[in-house]
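S.K.: These are the residues of each chain, in order.
Number of protein chains: 2
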Amino acid sequence: MSGFSEDDLAAALRRVLSGEHPGVRVGVGDDAAVVEPGRHPTLLAVDMLVEGVDFDRGTTSARDLGYKAMSVNVSDIAAMGGSPRFAVMALGLPPGTDPGWVVELTSGMREAADEHGAAVVGGDLSRAETVVVSVTITGEVPEGGAVTRAGAAPGDLLVVTGTLGAAAGGLRLLQAPPQSVAHVMGSPWAGDLVAAQLRPQARVGEGRILARNGATAMIDVSDGLAKDLSRLCKESGVGALVRLEEVPVAGALLELDKVMPIDPLLLALEGGEDFELLAAIGEEGAARAAAEMHERFGTSLATIGQARKEPGLVGVSAGGAERAIEPRGWDHFAGRGG
Amino acid sequence: MSGFSEDDLAAALRRVLSGEHPGVRVGVGDDAAVVEPGRHPTLLAVDMLVEGVDFDRGTTSARDLGYKAMSVNVSDIAAMGGSPRFAVMALGLPPGTDPGWVVELTSGMREAADEHGAAVVGGDLSRAETVVVSVTITGEVPEGGAVTRAGAAPGDLLVVTGTLGAAAGGLRLLQAPPQSVAHVMGSPWAGDLVAAQLRPQARVGEGRILARNGATAMIDVSDGLAKDLSRLCKESGVGALVRLEEVPVAGALLELDKVMPIDPLLLALEGGEDFELLAAIGEEGAARAAAEMHERFGTSLATIGQARKEPGLVGVSAGGAERAIEPRGWDHFAGRGG
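Residue numbers (the working numbering), protein chains in the order written: chain A, 125 to 462; chain B, 125 to 462.
One should not assume that every hint holds.
Which copy is meant is left open, so a pair is good if it fits within one copy or across any two.
Derived DMTMM-like pairs (lysine to aspartate or glutamate); straight-line CA-CA distance at most 20 Å [stated by the list, open to error]:
| id | residue 1 | residue 2 |
| --- | --- | --- |
| 1 | Lys-358 | Glu-175 |
| 2 | Lys-358 | Asp-131 |
| 3 | Lys-358 | Glu-130 |
| 4 | Lys-382 | Glu-239 |
| 5 | Lys-358 | Asp-132 |
By construction, these hints were calculated from the structure, which means they are not laboratory data.
Note that this is a predicted model, so its numbers are computed, not measured.
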């Protein structure tokens, strides 16, 4: 039907994914992979990306898609304060998919895994109507060191790594009529926005720094700050006061604002897919983490507010006005704003 | 759009999947699950089931689908000689999917996991055009005890657990015009065939017995004996002689043969989805494994032939005539016979 067999494709992927990794005893190509036992508690996370929902083959290259599929999983490990170890993937592919496209996808996965010392050790191929990419990753975290969403206490500072809204800005650029944005696509700021959307960087080292410095709760900002903060607060049984002028809006959004009608703060609050880390942490820990993070990775750590006993999320403007922050953001079933 | 949010559904699944499991420190609902470290090498396997390719919602209940999705993964662990530990799932769901259907699906997964002492510890929900179910499972295997596909040597016996062809027979029954098979659907043999298709049993205990008794190579028969034997032989660099009259054809196929035109031996060789184990093993080990397996689980172990130096698969009939066995079976891209 499509000119290649499952075994042919599996053999090609095996070549892409083989490589020396000290922990892998049996890699891609058997019923299961065999990897060395961990000395520490094991983390397990899974994410599925679906064509037409999470990505568009028209605006995403196979390599970027593979990179992102791995990166979002690594980000889940980072959000627990752990380090990624081994990944497996399941691919659903429409009949007629170019095997070269699949090899590129897998190369992108390997690239993102390699950056964090992780290895892709197995996979499954299936026919599907649209491309479906599911990655599962394992990680390790020191005994007692896993940071869940549930430990924030009133008084903890709320901190967020890097900047927010860039990935959503990049999506706007990619989805805009090409002629309307052609004049800016070569600029550094547009490149930053598109890269944030297509090749998100997982904050593994930053997550470990936050964990070591006593973060009480942590989550990665995958569905937008408002939504993910509401999840963290709900699990922790706290509310939050957010100083809106402290939310680290990606600078490139100010440039995008000149090209199309956007609200930079809104994209930062509700845009999603930034894969930055949001944590609750004590004041001293936050200061130490910020210094360490800046020195080691050049990553900023913004204090955006504080957890408090009163439930709900409240934003405070620079002028002191308070307003409720609705937990809006990406919902796979309700769509935007659910 | 579909009346429920991702968080609502996630909360419902969390209730289904929560439970006391000694190895789980953080279960469903955080960025990643946290489980106790294993003392032994870790196994990792993934399988994706796609609506319209691997199952049909018209003939498969949500609970059976969940059961099967877990079972086929457990089978991959069994085929390495290991025991399953922890699983995560990723679900792609069309808008408007009944949340009750998803809860049933997840209950089926939990049922199959519970039977093997495994726990479902995490998941991801995504919108998709058709239902996609991806399960990843971890397992443990004693140090040095993993049985790959690659160790068979000339002279090793080829053994297979249970019987073959029943799952394919069940699929024929389910896909037949209902009125043409209504008169047999209540019979025990038809029930056996349908159960083999919808609720396959992973052979975990049997796999461990084979591994302990020196199996040199092992694979689960997911795509048909002919195809999976060819894979085992290719990885091991051997050929095989199969005594066709020793292939353990499921007895119920002889009844099905009276109702519709089938070739029981062909279904056993090429039907797939039986999730029995095929192993290469020495003569003494085979005898010990057969006795132990029968005593502990009531499972038969058939010796169907022998690995040999000459490449290729050859079938020998009862009369002594030889013919090549083509590695036909299920291929996700080429379809049947690829």
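S.K.: Taking the hints in turn, state whether each one holds.
M.R.: Now the hints, each set against the structure:
1. In this assembly of identical chains, the alpha carbons of Lys-358 and Glu-175 never lie at most 20 Å apart, being 31 Å within a copy and 35 Å across copies at closest.
2. With identical chains, the CA atoms of Lys-358 and Asp-131 are at most 20 Å apart between copies only, with a shortest distance of 11 Å across copies and 46 Å within one.
3. Taking the shortest alpha-carbon separations for Lys-358 and Glu-130, only the inter-copy value of 15 Å comes in at or below 20 Å, while the best intra-copy value is 45 Å.
4. When the C-alpha separation of Lys-382 and Glu-239 is checked against a cutoff of 20 Å, the pair qualifies neither within a copy, at 35 Å, nor between copies, at 60 Å.
5. In this assembly of identical chains, the alpha carbons of Lys-358 and Asp-132 lie at most 20 Å apart only when taken from different copies (13 Å versus 48 Å within one copy).
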